[in-house]
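Student: Letter by letter, the chains look like this.
Number of protein chains: 2
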Amino acid sequence: MAMAGLVQGNSRKRVVVIGGGFAGINAAKGMAKLPVDVTLIDRKNHYTFQPLLYQVALAVLSPADIAQPIRSILQKQQNVEVLMDEVVGFGLDKRRVCLKSGAVLEYDYLILATGSTHSYFGHDEWSKLAPGLKTVEDATEIRRRVLLAFELAERQMLETGSHPPLNFVVIGGGPTGVELAGAISDIAKLYLARDFRHIDPRLAKVLILEGSPKVLGAYPEDLQESAIKQLRGLDVTVRTGAHVTDIQPGYVMVGAERIDAVVTLWGAGVQASPLGKLLGVPTDKKGCVLVDAHLNPPGYPEIFVCGDLAHVDQDGKQVPGVAQPAMQMGTYAAKRIAKLNAANGNGGKSKDKAFHYFDKGDMATIGRSKAVANIKWPFHAHWSGFMAWVTWLMVHIFFLIGFRNRFAVFRQWAWTYLTLNDGARLITGSQDLPGWEKLATASDELRASDEQVVALQP
Amino acid sequence: MAMAGLVQGNSRKRVVVIGGGFAGINAAKGMAKLPVDVTLIDRKNHYTFQPLLYQVALAVLSPADIAQPIRSILQKQQNVEVLMDEVVGFGLDKRRVCLKSGAVLEYDYLILATGSTHSYFGHDEWSKLAPGLKTVEDATEIRRRVLLAFELAERQMLETGSHPPLNFVVIGGGPTGVELAGAISDIAKLYLARDFRHIDPRLAKVLILEGSPKVLGAYPEDLQESAIKQLRGLDVTVRTGAHVTDIQPGYVMVGAERIDAVVTLWGAGVQASPLGKLLGVPTDKKGCVLVDAHLNPPGYPEIFVCGDLAHVDQDGKQVPGVAQPAMQMGTYAAKRIAKLNAANGNGGKSKDKAFHYFDKGDMATIGRSKAVANIKWPFHAHWSGFMAWVTWLMVHIFFLIGFRNRFAVFRQWAWTYLTLNDGARLITGSQDLPGWEKLATASDELRASDEQVVALQP
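Residue numbers (my numbering), protein chains in the order written: chain C, 1 to 458; chain F, 1 to 458.
Please keep in mind that the hints were generated in silico from the structure rather than gathered at the bench. Some hints could be false.
Only pairs whose alpha carbons sit at most 30 Å apart, straight line, appear in this in silico DSS-like list of lysine-lysine [said to hold, decoys possible]:
1) F/K100 <-> C/K205
2) C/K76 <-> C/K339
3) F/K277 <-> C/K189
4) F/K317 <-> F/K229
5) F/K94 <-> F/K134
6) F/K128 <-> C/K189
7) F/K376 <-> C/K205
8) C/K128 <-> F/K376
9) F/K205 <-> C/K100
10) F/K134 <-> C/K189
11) C/K317 <-> C/K286
12) C/K189 <-> F/K335
13) F/K205 <-> F/K277
14) F/K376 <-> C/K76
15) F/K214 <-> F/K360
16) C/K134 <-> C/K277
17) F/K229 <-> C/K29
18) C/K229 <-> C/K29
19) F/K353 <-> C/K128
20) F/K33 <-> F/K360
21) F/K128 <-> F/K94
22) F/K189 <-> C/K100
23) C/K100 <-> F/K128
24) F/K317 <-> F/K277
25) F/K229 <-> C/K76
26) C/K128 <-> F/K134
27) C/K134 <-> F/K128
So the derived label-pair ranges between C-beta atoms look like this [to be verified]:
28) F/S212 <-> C/Q75: 35 to 45 Å
29) F/F379 <-> C/G161: 52 to 62 Å
30) F/D260 <-> C/P249: 40 to 50 Å
31) C/T160 <-> F/G280: 26 to 36 Å
Computed footprint of chain F on chain C, listed as stretches where at least three residues anywhere in the stretch have a Cβ under 8 Å from a Cβ of chain F [stated by the list, open to error]:
32) 50–64
33) 100–109
Quantities reported herein were computed from a predicted structural model and do not represent experimental measurements. Heads up, the beta-carbon is just placed ideally off N, CA and C, and yes, glycines get one too.
In isolation and in its complexed conformation, chain C is listed as follows (with noise of 0.2 Å):
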């Protein structure tokens, strides 16, 4: 075990952010002007803007499109590095943080953004048939099996004349999973219409199944009966109080009640990251690290944790693990160690502002030219339908790092949206062609049976 090296050993505070996500970036960037030397450790190289995966996986948008270097986002800022490795152990007493490699790094102020990954439920075999949407990973292998879905109908209609209903599922009613919902009929709908021969792919059939009385149950009722509205208008089905006991190739169980699926998506549960537990202080039951006003562990002032991995209850209710609680943690915390810092070499006490979220609002869309937007600034309104997709657009557009996705995304949007063609609609991984059952698994296990071509002489 060594010493990391550039940080290492002179008199500036040291910062280790683990998590490049909008939590760890944004922290990051806070600390920009600081006195301080900052380490960021990722395991992945690039930052994921995960409000447009659910394009990336309906095929609209690219990878690149949005997701981009963490190298290069922090390019210009002296005081960060970047470090690509995984944190496998925390010596708080030493104030030290054990990576993958082999290297040790120490830490005045340790900044701890996770995440969150999917939830099964105790259901982890249910991970390979309906996969959820975290990655960009995750986001090409739901391309891949949505697209699939496609030509194995073509290609069993051409055959035999008949094929099994293009029935998708969608397990879970929150905003990933209407998202997914609204964008596979779209695909079918508009953009994939023109393109088969033998299928319609309009026939195409989306199932929301929820498990409680509820879609979108973070907003307001008028604004969930608008998303169910805007839903049906585009040939989604949204069941409710539907509890999901199996899933298995091809079809997903309610209770005895058998529901076919030639691809089923995963939106329905959340759990923390392992390191909130690893951490050794008190956590939830999905694995959160209950914080108290600073984002900090009780009795450890000098750790934060931001983000869908930290607990904050404000007013009552839990700060929902979304963007843009974990931005404003991200720049809650930097502030917070620039004070702390400060106050530091002053030899005085730092201020005790605490951590306070401020809702801007929330925004779901339903395919193209729909959404539900819940706009709490800067005023009040509920908005529904075209002008709350306007919304939304803006608003991500926005808040896209970097100029050059911005623009790219935004053209693709533009070309998209007019032609209703052209997107990124490949299908990549396995080389091998599916049978139907085995389209429900991943594209590594497919992978594994390669290719022999056999001369069959008819």
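Use these hints to put chain F onto chain C, whose structure you have.
Tutor: Frame of chain C, contents of chain F only:
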């Protein structure tokens, strides 16, 4: 085995095109106005503009910039249907093609254009250690390895204060090898230079190992020399007459000499698609089908073999396996079918015009603004350096199928060229962080060893 639907059972002639590359797409497009029904079969759902694949591999372009769904390209051509499937057998006497899905297609004319793949000269075990560049998946795998090498070096530098020399070895000094080598050098010296804090990516070295006495063997001598000079300007070393005898993780053997390599890439040999041999007609030693002046295998005037898979001699030399002749062969086959079809209808005989490859010249780029161009039309000239590069750029943008891609690629190039920033430098695929040894193996192997977070208290 079922007979296929739409194209069967009417009086129009049926054409089956196998392969959606340059030759297959041009053949299909060439038959747009013929009274025939065309079925185009490809294993992938997308056409790949192979001459720009190396720009995906080296993180300038995204896959969707240079690949397009075959269905989109042929969407408006009503006499074409596209099938994502794979050919597993031919019945030449009954004019049938058997597909992996079990379907059997009957044809009146068959166009076989499935191209070529890498040849490791009997060392198939090298394919995982030194990936070649034929598909979008190859390109993202190469991008992954090259970018990871710099990440691993940074990590090791931080931990131990040193890292293995960043030697990249490219095996093969043809156009692909030269393009890859130049681009790796560019990426290290221009794009990555400002991204790292501990290593200096500009110290990366690239070595081309070429077995023959010359690089760019198909080019005139003055351009070969210019290429070597331009490569030297990018710190790329060329060793000719170097026969690789073994490839191992971390090094390459040339005879008894061991050459260290953090990443090894393959641009040395190609072999024909196995469908050539499956056809059961004479092939050359690379597996290319020996065809006559009408691109027919002897005795089969209704079968056309086009593109890399065809062995065509002209003026005592073999027509090369590159984009131009493939496109021309595809167009020729379509015209020939038009004539045969018309002659058939009139009970007459078709005219006997042979295929003639019209060679407009060749170009190969060397990094960001260098190239060699051997121009043969509309005038003869040998160009080197910037002017050759601008010509290369124009020609390639012009030949990209689809306006969206043309525009997107131009924009991306302009942006990357002017800012030296913001290419598509994403590392996707395996979630695992490999060590140096594992860097040299394929990502689907790495994927097997999934993460387990271990509580390790220092």
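Student: It remains to establish, for every hint, whether it holds in the given structure.
Tutor: How the hints compare with the structure:
no.	hint	result
1	F/K100 <-> C/K205	28 Å, holds
2	C/K76 <-> C/K339	24 Å, holds
3	F/K277 <-> C/K189	42 Å, violated
4	F/K317 <-> F/K229	28 Å, holds
5	F/K94 <-> F/K134	33 Å, violated
6	F/K128 <-> C/K189	41 Å, violated
7	F/K376 <-> C/K205	55 Å, violated
8	C/K128 <-> F/K376	54 Å, violated
9	F/K205 <-> C/K100	28 Å, holds
10	F/K134 <-> C/K189	33 Å, violated
11	C/K317 <-> C/K286	16 Å, holds
12	C/K189 <-> F/K335	36 Å, violated
13	F/K205 <-> F/K277	41 Å, violated
14	F/K376 <-> C/K76	46 Å, violated
15	F/K214 <-> F/K360	23 Å, holds
16	C/K134 <-> C/K277	20 Å, holds
17	F/K229 <-> C/K29	43 Å, violated
18	C/K229 <-> C/K29	41 Å, violated
19	F/K353 <-> C/K128	56 Å, violated
20	F/K33 <-> F/K360	27 Å, holds
21	F/K128 <-> F/K94	40 Å, violated
22	F/K189 <-> C/K100	29 Å, holds
23	C/K100 <-> F/K128	25 Å, holds
24	F/K317 <-> F/K277	22 Å, holds
25	F/K229 <-> C/K76	34 Å, violated
26	C/K128 <-> F/K134	29 Å, holds
27	C/K134 <-> F/K128	29 Å, holds
28	F/S212 <-> C/Q75: 35 to 45 Å	41 Å, holds
29	F/F379 <-> C/G161: 52 to 62 Å	57 Å, holds
30	F/D260 <-> C/P249: 40 to 50 Å	46 Å, holds
31	C/T160 <-> F/G280: 26 to 36 Å	29 Å, holds
32	50–64	holds (count 3)
33	100–109	holds (count 5)
Comparing the model with each earlier hint shows violations of hints 3, 5, 6, 7, 8, 10, 12, 13, 14, 17, 18, 19, 21, 25; every other hint is respected.
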